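Chemist: Just so you know, the sequences run in chain order A and B.
Per the numbering used here, residue 1 is the first one in the first sequence, and the count goes up by one each step.
Per the numbering used here, residue 1 is the first one in the second sequence, and the count goes up by one each step.
Calculated directly from the structure, the hints in this document are not laboratory data.
Among the hints, erroneous ones may be present.
Some, not all, of what chain A presents toward chain B, calculated at C-beta under 8 Å [as the list claims (entries may be wrong)]:
(1) Thr37
(2) Val42
(3) Ser43
(4) Met98
(5) Ser103
(6) Ala141
(7) Ala212
(8) Leu213
(9) Met214
(10) Ile248
(11) Ala453
(12) Asp497
In silico contact screen, one side only, chain B against chain A (beta carbon under 8 Å); selected entries [what the hints assert, rightly or not]:
(13) Asp11
(14) Thr46
(15) Ser48
(16) Cys53
(17) Pro133
To spell it out: a stretch of chain A is covered by chain B in this simulated footprint if at least three of its residues, at any positions, have a beta carbon under 8 Å from a beta carbon of chain B; those stretches are [as the list claims (entries may be wrong)]:
(18) 328 to 334
(19) 498 to 505
All of these numbers come straight from a predicted model, not from anything done at the bench.
By construction, the Cβ of each residue, glycine as well, lies at the ideal position given by its N, Cα and C atoms.
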Amino acid sequence: MEFDGVIVGGGGAGLRASLQLAQSGLKTAVISKVFPTRSHTVSAQGGITCAIGSDDPDDDWRWHMYDTVKGSDYIGDQDAIEYMCSEGPQAVFELEHMGMPFSRTETGRIYQRPFGGQSKDFGKGGQATRTCAAADRTGHALLHTLYQANLKARTTFLNEWFAVDLVKNQDGVVVGVIAIEIETGEVVYVASKATVLTTGGAGRIYASTTNALMNTGDGIGMALRAGLAVQDIEMWQFHPTGIAGVGILVTEACRGEGGYLINKDGERFMERYAPTAKDLAGRDVVARSMIIELLEGRGCGPEGDYLMLKLDHLGADVLNSRLPGILELSRTFAHVDPIKEPIPVEPTCHYVMGGIPTQVNGQALTQDAAGNDQPVEGLYAAGEVACVSVHGANRLGGNSLLDLIVFGRAAGQRIEEQMRGGVSYRDASDSDLEAALSRLNRWNTSAGGEAVADLRKELQNTMQVNFGVFRTERNMREGIKQLAELRERIGTAHLSDKSNAFNTARMEALELDNLLEVAEATAIVAEERRESRGAHARDDYQERDDDNWLCHSMYFPADKRVGKRSVNFEPKTVDAFQPMERKY
Amino acid sequence: MQVSVYRYNPDVDEVPQMRDMSVDLPEGKDLMVLDVLELLKGQDPTLSYRRSCREGVCGSDGINMNGKNGLACITPVSEVVKRGKLVLRPLPGLPVVRDLVVDMTQFYRQFEKVQPYLINDQPPPAQERLQSPEQRAELDGLYECILCACCSTACPSFWWNPDKFIGPAGLLQAYRFLADSRDSATAERLSKLDDPFSVFRCRGIMNCVSVCPKGLNPTRAIGKIRSMLLHQGT
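Based on the provided sequences and hints, a complete structural model is requested.
Modeler: The structure is reproduced here in structure tokens:
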């Protein structure tokens with residue numbers, strides 16, 4: 001099988017990239033391990049942040065840019081953030097033109113709601129209202145719309161195909177992927193001139209996460225096994241409001257619409273931690289405040305291990321029209337009716353800011369020995385798997401969906417441009433293919449060893465205990481040791497079911513390899529970054545250290561080395577925002 | 001708890017069979033059926049089913065639980081278990097690939113038939129197309145479909161004519177675009193549905209409504225399409 005462009009992952013970023021390529025007439029295929037509308041983008045709730053000027057005609061993308069830079073704790077690349085915030089309105093209007101069912105204002109424009117970390121006039125004009133929404137099902141509306149647009153554009157879909165590994169030739173060029181057709185178990189080399197990784201997140205490295213069961217970091221795993229570097233992988237966002245005990249996401253839109261957090265005394269404690277923005281401070285700030293409340297004994301319930309999100313004062317009408325999905329989820333999973341009573345919540349792993357470093361146009365990067373950026377020929381990445389980087393050390397709510405469509409589109413445009421310039425298929429030798437098949441062969445010939453499910457659970461617990469909201473040297477060292485042991489054990493683990501038809505045991509084994517790659521990279525870099533910045537908070541280094549760490553981390557898998565890469569402070573049309581103390 | 005599970009692996013089994021398994025349920029916790037499946041898979045990793053979001057929005061884990069279609073991840077065991085027993089089967093009416101995994105090709109084909117995308121030949125404005133809150137409200141109860149196939153596979157008309165009757169899920173989406181003030185292909189859409197099978201095989205028995213895990217009402221949407229077709233004919 002040969003294609004001009006192969007997109008690995010059928011979520012928002014993948015479908016936006018494939019749409020761009022299919023519309024340009026290039027031979028395009030999407031490989032997705034689930035039917036595309038089942039991708040995790042579907043679970044995004046609150047909205048897509050973008051200065052379209054519906055709520056406030058004077059809104060300005062530069063204000064959005066300022067918020068995003070500040071939210072990133074100053075390690076977001078300013079050229080990329082500038083591109084995202086300025087291109088955003090066009091990309092959002094395109095979605096609307098495709099038919100996305102946005103909620104509407106009285107004048108018929110797209111409805112916007114306030115979200116965390118948003119301001120007017122560069123932080124001086126108070127809370128902004130900038131997040132475009134389709135009730136609290138924005139991700140669902142967005143993903144289905146993009147899938148529909150791809151049907152219209154006649155994109156080729158390889159649905160329920162599982163990508164195993166990248167195929168890299170002797171010149172270091174990525175020339176396609178090895179994939180399994182899940183229904184039959186057939187293994188196929190899908191050759192391509194351009195391979196785009198849009199595989200999404202990896203939240204399943206933690207025991208408690210808002211992420212879907214399939215969010216196992218497959219793209220990051222593939223990149224690391226291909227010897228490529230990943231950037232800022234220690235930066236994991238904990239969402240303040242996962243339903244206590246189950247981790248189901250409760251959107252920040254609840255607080256945007258006027259809900260707030262309370263402790264066991266009924267106190268609105270965020271007023272103490274963030275006097276101005278209160279419950280709409282950055283997610284890292286709110287999550288940390290919640291953990292401090294719990295540690296200081298002000299948690300709710302018999303074990304004092306959760307807090308409460310109060311919504312009942314908003315009234316049934318607002319809740320039914322603006323947050324219908326949250327009512328459903330709360331009744332099902334927390335057994336509470338938010339119209340009458342608060343929802344028990346706790347900070348829960350939600351999003352990885354780090355990933356495969358890319359240029360603004362989606363081209364994947366690595367570093368040469370001298371520390372210079374080096375494009376990885378044939379490889380692109382967009383969305384959560386990528387680190388372009390617009391989120392830096394902490395992502396703002398509503399910026400993820402924007403990231404997907406802006407950079408999915410950019411990658412598509414870049415590939416289109418390159419194909420017009422003429423790119424030919426490049427060969428892979430038998431030994432290149434063998435290398436890409438090696439771990440699949442390992443599992444397929446395993447004769448005994450530990451069970452996949454047990455090892456996965458252990459890995460998730462290790463990450464949960466040692467690399468959570470607050471991190472300490474001692475715990476992280478312990479975690480790294482445990483992960484090294486887990487690597488040995490996973491290397492000899494057993495796949496008992498070797499059958500071909502829809503073998504989900506084999507998928508889970510392959511996913512476990514990916515979880516391990518992501519977890520170990522996270523652990524090693526987290527220990528190395530000796531400061532607190534954004535979502536990375538250390539008890540032993542509580543201050544931000546701009547002298548040493550105002551930079552991206554780079555993790556090199558070959559020798560498990562941690563390096564540094566400069567942050568971009570050169571936006572094209574505005575002056576750079578210089579680091580300041582981050583207060584909400 | 002006793003669980004009877006439909007098992008079939010084409011690589012090894014000649015015919016499908018119901019197999020009894022048992023799980024220990026933790027006390028004081030009402031698990032979802034998906035949690036039970038995960039416990040069973042822990043015992044026997046060869047058990048296959050689809051699942052992903054585990055919160056009722058991705059639509060992967062539509063199965064038949066004690067005779068009724070639904071999503072395993074948002075169905076509490078207490079709601080479906082009868083006389084201490086849980087019976088799990090694949091969605092009825094579609095070919096079985098393995099265990100609880102069905103081949104959804106026919107279902108998706110019917111969905112694609114209705115041209116499930118906005119058609120508007122006017123050049124788009126520089127900003128969004130305007131739509132009043134009232135016009136937008138016409139899409140509520142339609143756009144939320146997650147394509148889980150619980151409805152279509154609970155529909156005898158779909159079992160009988162899966163190649164010619166669009167089925168409740170596809171028709172719900174057909175109406176979603178007919179009802180959209182921004183869509184300009186009403187006549188074209190209706191003409192494609194105007195035959196004895198696509199819409200009119202619906203007998204209004206409302207199985208689709210009783211199983212929809214999102215509380216949607218395909219029968220009502222089908223009724224609206226019928227009346228649009230009839231009005232168009234007059």
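Chemist: Confirm or reject each hint.
Modeler: Hint-by-hint comparison with the structure:
1. Restraint check, Thr37 (chain A) versus chain B: the minimum CB separation of about 6 Å is within 8 Å; hint holds.
2. The interface hint given for Val42 (chain A) holds, since its Cβ lies 5 Å from the closest Cβ of chain B, which is under the 8 Å cut-off.
3. A least Cβ separation of about 5 Å between Ser43 (chain A) and chain B falls short of the 8 Å threshold, and the interface hint therefore holds.
4. Hint status for Met98 (chain A): holds, given a least beta-carbon distance of 6 Å to chain B, under 8 Å.
5. Annotation: interface hint on Ser103 (chain A) holds; nearest CB of chain B at approximately 7 Å, less than 8 Å.
6. Interface hint status for Ala141 (chain A): upheld, as the beta-carbon distance to the closest one in chain B is roughly 6 Å, under 8 Å.
7. The beta carbon of Ala212 (chain A) comes within 4 Å of a beta carbon in chain B, closer than 8 Å, and the hint placing it at the interface holds.
8. Checking Leu213 (chain A) against chain B by beta carbon gives a least distance of about 6 Å; that is within 8 Å, so the hint holds.
9. Here the hint on Met214 (chain A) is kept, as its CB sits about 5 Å from the closest CB of chain B, short of 8 Å.
10. Residue-level restraint check for Ile248 (chain A) holds (minimum Cβ-Cβ distance to chain B is 5 Å; threshold 8 Å).
11. Here the hint on Ala453 (chain A) is kept, as its CB sits about 5 Å from the closest CB of chain B, short of 8 Å.
12. Checking Asp497 (chain A) against chain B by beta carbon gives a least distance of about 4 Å; that is within 8 Å, so the hint holds.
13. The beta carbon of Asp11 (chain B) is positioned within 8 Å of a beta carbon in chain A (closest approach about 4 Å), and the interface hint is therefore held.
14. For the restraint placing Thr46 (chain B) at the interface with chain A, the shortest Cβ-Cβ distance is roughly 4 Å, inside the 8 Å limit, so the hint holds.
15. This hint holds: Ser48 (chain B) has a C-beta 5 Å from the nearest C-beta of chain A, less than the 8 Å allowed.
16. Nearest Cβ of chain A to the Cβ of Cys53 (chain B): about 4 Å, under the 8 Å cut. The hint holds.
17. Interface restraint check: Pro133 (chain B) against chain A, minimum CB-CB distance 5 Å, threshold 8 Å, status holds.
18. Look at the stretch 328 to 334 of chain A against chain B: 4 of its residues bring a Cβ nearer than 8 Å to a Cβ of that chain, three or more, so the hint holds.
19. Check result for the stretch 498 to 505 of chain A against chain B: holds, 7 residues qualifying (beta carbon to beta carbon below 8 Å, three or more required).
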